[in-house]
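Engineer: Residue-level listing of the chains:
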Amino acid sequence: MYTQGLDSLGKDCLRDEAKDGAALESRFQARVDAEEKIEPKDWMPEAYRRTLIRQISQHAHSEIVGMLPEGNWITRAPSLKRKAILIAKVQDEGGHGAYLYSAAETLGVSRAELVGQLLAGKAKYSSIFNYPTPTWADVGAIGWLVDGAAIMNQIPLCRCSYGPYARAMVRICREESFHQRQGYEIMLFLARGTGRQRAMAQAALDRWWWPSLMMFGPSDSDSKHSAQSMRWKIKRFSNDELRQKFVDTTVPQADFLGLKVPDPALAWDEATRHFRFGAIDWSEFEQVLAGHGPCNRERLEARRRAHDEGRWVREAAAAWAAKQEAAAPGCAA
Amino acid sequence: MSESQKDWPLYEIFIRAKSGLDHKHVGSLHATDARMALEHARDLYTRRQEGVSIWAVRSTDIVASDPAESDAFFEPARDKVYRHPTFYDIPDEVKTL
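So the protein lines, in turn, are chains A and B. Under the working numbering, read the first sequence as residues 703 to 1035, first letter to last. Under the working numbering, read the second sequence as residues 29 to 125, first letter to last.
Because the hints were derived from the structure by calculation, they are not lab data. Glycine included, each C-beta is placed from N, C-alpha and C at the ideal position. Incorrect hints may have been included.
DEER-style ranges, computed between Cβ atoms [as the list claims (entries may be wrong)]:
(1) ARG752(A) <-> LEU66(B): 30 to 40 Å
(2) ARG978(A) <-> PRO113(B): 35 to 45 Å
(3) LYS785(A) <-> PRO113(B): 57 to 67 Å
(4) ALA822(A) <-> SER47(B): 11 to 21 Å
My request is simple: use the sequences and hints to build the entire structure.
Structural biologist: Take a look at the structure:
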């Protein structure tokens, strides 16, 4: 998003200004404080650029790997309608990955480099996608809880200080709402179904509840990037604030389904007007993040296989373009 | 083949939401040629009927002003407030002006 092919004009003056890094940095912060958006060719601190590349690329990888747990059910969806919906949802996730890679590329990193990092197992992506989807109800629970938590995280990102990221998030949030609603509708169908269907829905909620709460990341006191990201207005709310908001909105939705949130400590606190909830098992989160979750290996292998099996298509397309260009220079582009 | 090392050309995508409106920049994508750029743009940016027309432009073909020089570049318009209708004091009694 936003062209990267215009480097040459601005370089010299950027170099001159770099003599006064502190002044540039304070001017940058003043712009951020004034809620001005930062655009790709604007001056920005190197750490801001690096933070964004890390965050946006991890976000992009998450969308791409996130296609896998649900893709697992496309061939076995219970009806043609559900199958069409699921294909559309998974296709959206692929699209979201593409928007986000584009946004990351505006910061001077190449797509090939980012994809390479993912395939090499060097890049992080959301821990949630390393959990399995053993039943159809998991597809419902993912839409309802995982996409629900993602929306909670992503809505503030629509106001992120970096323009291309904010614009990608606006597009993504607009599409994400269908994802959550279709998931909740799946849960509603199961909850109103037979005893076995209700049990299936409950088991899926049991599986996805805690991992969904972990999606908001470590507690603020343990989150190493939080404070700086807040100052740069990349982040607007703390991990704990967003997690609380998610619990507050999701518990009544579970009640409506007649399902039980798997947390014995869960209780409404009249004084704070929030739900209190039990302690999160962060050792599990650390384990999954470190590559030891139930499906880490499987997910990466699936990505590598898809990349390898698609190679001949990419090579054929490149060869065709080269041939066209040779036949009529300038016309193929 | 060094395909994993080199990205396909980047295209900027512009979409006309409906006839009568301008094409508006929506984002970018990589494609090997113009036709692939259009087809990918359709799949990526109009999955919900967001457009009736697509322009795809090679990113390297776009000439852009430099943000580092934008103060000087846009300076000529800064002190010409008389180009705006609100600059002029006209009594309320005068109608349709």
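Engineer: Now look at each hint and say whether the structure bears it out.
Structural biologist: Results for each hint:
ARG752(A) and LEU66(B) have their C-beta atoms about 34 Å apart, which keeps the hinted 30 to 40 Å range intact. The hinted range of 35 to 45 Å is not satisfied by ARG978(A) and PRO113(B), whose Cβ atoms lie roughly 59 Å apart. Between LYS785(A) and PRO113(B) the beta carbon distance is about 58 Å. The supplied range of 57 to 67 Å therefore holds. In this structure the hint that ALA822(A) and SER47(B) lie 11 to 21 Å apart at CB is violated, the actual value being about 47 Å.
Against the hints set out earlier in the document, violations occur for numbers 2, 4.
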